[in-house]
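Asks: The chain contents come next:
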Amino acid sequence: MIINLINGCILMIKLNINNKVHEVDVPNDMPLLWVLRDILDIKGTKFGCGKGLCGACTVHLDGKAVRSCTTSVGSIKSEKITTIEGLSKNGDHALQQAWSELNVSQCGYCQPGQIMTAAALLSNKTKPSDKDIDDAMSGNICRCGTYVRIKAAIKMAAKGVVS
Amino acid sequence: MKNSSQSRRNFIKSIGLASGALVIGLNSTTGLAKILNSKDINKIKPNLWITLYANGETHLIAHRSEMGQGIRTSLVAILADEMEADLSKVVIQQATGDKKYGNQNTDGSRSIRTFGTTLRTAGAAVKELLIQAAAQTWNLPAKECHADSHYVHHKATGKKLFYGDLVNKAQTIELPTKPTLKKKSEFKYIGTELDNLDNQLFVTGKAVYGIDTKIDGMVYASIQRTPVMGGELKSMDKTEALKFPGVIDVVEIKGTKGAPLFNPLAGVAVIAGNSWAAEQGKLRLKLEWDEGEHNQHNSKQYKEKLIASVKKTGKAYRNDGDAYQVFTDNKSNAKKKTVDALYYLPYLAHAPMETPAALAWVQKDKCEVWAATQTPQNARKLVAKELGFKEEQVIINVTFLGAAFGRKSKPDYVVEAAKLSKYLNKPVKIFWSREDDIKHDYYHSVSAQYHKASIDENNQVDAWLHRSDFPPIGATFNQAARGPGSGLSQGATTIPYDIKNIQVEAGDARAHVRIGWLRSVYSVFHGFSTNCFIDELAHHRKIDPLQNQLELIGPDRVLPFNKEFEFNTARLKKVLTTAAKNANWGKKLPKGHGMGIAVQYSFFSYIAQVVEVSVIDGKLKVNNINTCIDCGLVANMDAVKNQMQGAGMFGLSLAMYGEITAKDGKIEQSNFHDYKLLRMKDAPHIDVEVLVTDNPSTGVGEPAVPPLAPALCNAIFAASGQRYRELPLSKYGLC
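Sequences listed follow chains A and B, in order. For reference, each letter of the first sequence is one residue, going 1 to 163 in the numbering used here. For reference, each letter of the second sequence is one residue, going 164 to 898 in the numbering used here.
Since the hints were made in silico from the structure, they are not lab data. Fair warning: there could be bad hints in the mix.
Unchecked claim - Footprint (simulated), chain B over chain A, 3 or more residues, beta carbon under 8 Å:
{"no.": "1", "region": "50-57"}
{"no.": "2", "region": "77-88"}
{"no.": "3", "region": "128-141"}
{"no.": "4", "region": "146-153"}
Quantities reported herein were computed from a predicted structural model and do not represent experimental measurements. Beta carbons are placed, not taken as given, at the ideal position from N, Cα and C, and that holds for glycine.
Based on the provided sequences and hints, a complete structural model is requested.
Replies: In structure tokens, the structure reads:
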């Protein structure tokens with residue numbers, strides 16, 4: 001976050017989201033989730049619980065998966081924020097392709113958060129084990145219960161076998 | 164369209180020419196055949212249209228809500244297959260809520276079951292019409308022509324014509340009245356594994372759900388509602404709420420007297436410039452409530468009441484032979500055995516990942532709504548009533564639903580948005596926090612089940628008693644409602660077992676929270692207790708649980724419970740034996756491991772599940788699930804498998820963790836830390852076999868939920884010798 005004093009009183013918060021700088025006039029303690037969704041209209045990041053319990057709101061801060069519902073904009077320093085909209089230019093990240101190829105999504109609502117968590121996992125571990133996947137993904141709830149396919153899609157993306 | 168003398172051809176012509184396209188009307192309620200046979204537009208009352216444009220694009224109006232079941236893909240596949248259309252040229256247009264569409268409620272696992280054949284017939288009729296149009300253009304016999312991928316071909320001459328180029332000609336021809344549907348062997352898409360046509364929207368975050376809607380000038384509302392059903396606001400201090408940056412206003416919402424219906428609960432809404440400020444303002448309200456009579460409701464005592472109720476004789480809803488006499492006789496016959504068991508399941512919340520969400524914009528003479536709703540017509544009716552509008556003045560746009568499971572067929576949240584928009588004279592989006600969702604759901608009923616059976620000298624089961632008690636869904640509509648309503652028909656009075664003396668009874672529990680249907684509804688608890696008790700009988704009979712199920716189901720026959728779809732015991736046994744075979748039932752398992760089986764007839768489909776677990780050092784691990792379903796003709800094979808896997812996880816989630824309790828009438832849980840849902844670490848592999856049959860399509864979205872919990876508990880018994888007759892299993896420290 002970069003704070004600029006404009007006219008000596010208004011605090012503008014600068015956020016680098018998907019490689020674009022946005023200035024927002026919001027309270028410091030406003031969660032990033034709601035700044036994205038309600039202020040900037042970047043709505044691929046979803047609300048699920050507001051308490052960091054379900055992972056629907058997962059975004060990346062400098063590549064690290066965080067829960068945007070419990071991340072206040074004031075706590076963000078210079079980190080680059082990546083949302084599902086910025087994960088790939090054409091919606092063709094290996095995970096997005098694998099997700100489509102295996103028809104992972106049912107209602108689809110939690111899947112941006114699932115994909116962002118999985119993307120952070122793969123950037124750390126290119127060949128995750130089942131346990132690595134369980135550990136990384138168990139913070140993300142899918143009420144439709146697509147876990148079997150999520151796991152398969154992560155493995156597919158990791159193997160690089162997506163077309 | 165009101166001219167009763169206007170023929171169907173004219174109808175097509177008038178609409179078709181006006182829009183430069185061929186428009187086929189079909190009736191989703193009465194079926195297409197009636198439409199096609201009729202010359203009278205008023206009798207036809209077409210409510211769904213297929214539009215073929217000159218560029219070949221084919222539009223289908225979808226009157227079903229997309230909530231994760233992949234219905235949009237299935238509808239496209241069915242139409243394209245029978246119409247011989249190019250799948251990629253078929254576009255779905257989401258219908259607004261309107262009675263003209265017939266039953267629009269996306270619930271009861273009904274979409275393909277009730278609409279599949281109608282849509283196939285429509286597609287086939289359009290194809291035959293286009294073949295005739297091409298044949299006439301060429302002056303060749305229609306029977307020498309065939310259609311394929313948006314073209315009509317004449318094989319002998321090699322001529323072909325694009326569908327889009329036949330639009331004008333087709334309008335001069337009578338629509339075929341009795342089109343021939345394809346044989347199963349001719350299907351290109353139906354029954355195959357199709358990609359969900361919305362995949363790219365889902366994986367890029369571009370799908371628009373109710374919670375994502377926004378229009379200019381919109382404000383956000385978050386409501387603190389009465390903590391007890393029927394409560395009314397006593398006093399309010401809004402000072403701190405109004406101080407919160409971004410908060411604009413605080414508005415009281417009056418509750419309605421009487422049955423809850425789908426009316427908003429009494430509450431106080433905080434209006435703000437964004438969801439978070441509205442929520443923060445809401446949390447700063449200081450409210451006092453007149454809680455009303457339901458604040459005496461405590462789950463602990465209520466459980467005791469339910470159990471006491473099923474321990475005594477209830478009202479009989481099925482009475483074959485005389486089960487009581489058999490039990491009495493058993494007392495003086497040492498060779499016979501009477502066994503009984505009691506089961507208890509708690510309230511459940513739906514908890515779809517997208518909380519209830521709606522945006523309403525009430526203007527002078529109309530109201531437009533965008534909502535994630537399973538029931539757009541009910542939403543329209545209730546919003547119109549709330550505003551004093553005619554239904555025609557209300558437009559309900561249906562967004563994607565971030566899942567629903569029955570929650571979004573109760574449009575209380577849509578009415579809230581409309582009410583506030585009217586008051587504020589602005590577009591209002593209603594935001595439900597997870598706490599709001601968990602604490603103000605229409606809950607799946609808590610229930611107690613008592614089972615008793617007699618095993619005779621020949622080790623045969625000769626009497627069956629089942630008593631069920633639960634607060635009924637009917638109480639949501641009529642406060643005085645007691646008793647099971649139609650609930651026993653889901654897996655209690657309709658058991659498939661060939662037992663001579665059967666008695667099924669129910670109590671008359673009263674509702675103290677809003678009760679509503681949840682995925683597979685009453686089959687959840689009836690399927691649980693029945694399958695668990697059947698397994699207990701296998702143990703008492705000292706025979707294999709699968710063999711026990713098959714023996715008790717008995718000879719092949721059609722049971723008399725349904726008219727619309729058959730209930731055939733042969734099909735029930737087939738899913739059991741298939742699931743068992745796929746699971747390698749009977750294989751030797753290591754110590755501490757076990758398999759359990761359960762079967763259910765639910766929403767006219769047949770489903771069996773085998774669960775394999777280990778219980779080691781008191782910890783449960785679910786290793787594998789094998790599911791087999793017979794749901795008749797399948798639209799999209801991959802979507803059925805996806806539903807089997809997802810519903811299996813839903814069943815596992817409720818078995819392991821699902822529990823809502825009330826204290827002093829208030830729901831005790833609030834978010835995913837105390838209303839836990841299944842996570843990946845607990846998610847086993849699920850293998851699915853879908854039987855391919857010639858039977859009509861039956862339910863898919865719900866049936867895989869009920870057998871999971873009993874199959875799991877039966878597996879735990881096989882693994883550990885311990886019976887668990889109450890859910891969730893987390894209360895025993897197993898998970």
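Asks: Indicate, hint by hint, whether the structure satisfies it.
Replies: A quick look at each hint next to the structure:
1. Counting residues of the region 50-57 of chain A whose CB lies closer than 8 Å to any CB of chain B gives 5, so the stated coverage by that chain holds, three being the minimum.
2. Restraint check on the region 77-88 of chain A versus chain B: 3 residues with Cβ-Cβ distances below 8 Å, three needed, restraint holds.
3. A count of 8 residues in the region 128-141 of chain A with a Cβ less than 8 Å from any Cβ of chain B is obtained; the coverage claim is therefore met, three being the minimum.
4. By the rule of at least three residues with a Cβ nearer than 8 Å to a Cβ of chain B, the coverage given for the region 146-153 of chain A holds, with 6 such residues.
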